[in-house]
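In full-length UniProt numbering, the protein residues as written are 1 to 178.
Hint data in this document are derived by calculation from the structure and do not stem from the laboratory. It cannot be assumed that every hint is accurate.
Restraint-style ranges between C-beta atoms, simulated for each label pair [claimed, not checked]:
no., residue 1, residue 2, range
1, Gly-145, Thr-10, 23 to 29 Å
2, Ile-147, Leu-70, 19 to 25 Å
3, Asp-14, Lys-111, 51 to 57 Å
Owing to the predicted nature of the structure, the values given are computational and were not obtained by experimental measurement. Yeah, the Cβ is synthetic: ideal placement off N, Cα and C, and Gly gets one too.
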Amino acid sequence: MEKKCRRIITGLDDKGESIIISDDNVQNKMEKNSRPGVSLNNIWRTSEFPIEIVGDINKVDDEFVMFPGLNETICRISSFEPDKLFSDKAYDSKTYFSELDAENTIVETKKHPFMHKSNTVDYAIILEGEITLLLDNEEVLLSQGDIVIQRGTNHAWVNNSDKLCRVCFILMGGKKSS
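All chains should be built: construct the whole structure from the sequences, respecting the hints.
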């Protein structure tokens, strides 16, 4: 069973002293039938750089955003159930990415239906379990404590294990160098 994502947000009171201004489970969660066994929890989102340190704490809950734009960030916890639990279901990557307004990230390949590429640098920190990172010509098995720096490359995530895998992603919107 998937663990709930608890988010604690700090801030300042009227005297400028540090306080907890929010302590609650994350509400901005995305699950789609077109990608069974995967849930995405957006924990925090920034929309400008430099980042406004004090401000509206609720903007992350306004709408689910799959990928940040230029100078934006998203912190996300993603859960991947074992792929074999869904081997009888047809994966529909076009519908999935379209539902998330991210169809422009799909890369047509026979390697995996969810291969995609975005204009982001992503820190992927494996919190629990194992997951395989697929690239065009390579793959690597990752386990708890491993960290991937994904720099706008074609990739997909596959859970070939028997257990749930949880990954913390920190996505930073960027641009390709010319």
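**Report entry** Range agreement (Cβ of Thr-10 with Cβ of Gly-145, hint 23 to 29 Å)
**Finding:** Given a distance of about 26 Å, which is inside 23 to 29 Å, the answer is holds.
Requested in this report: Note whether the CB distance of Asp-14 and Lys-111 lies within 51 to 57 Å or breaks it.
Outcome: Taking Cβ atoms as reference, Asp-14 and Lys-111 lie about 55 Å apart, which means the hint holds.
Report task. Kindly confirm whether 19 to 25 Å is satisfied by the beta carbon distance between Ile-147 and Leu-70. Result -> Given about 24 Å between the Cβ atoms, the range holds.
Checked against the numbered hints given earlier, the structure satisfies every one of them.
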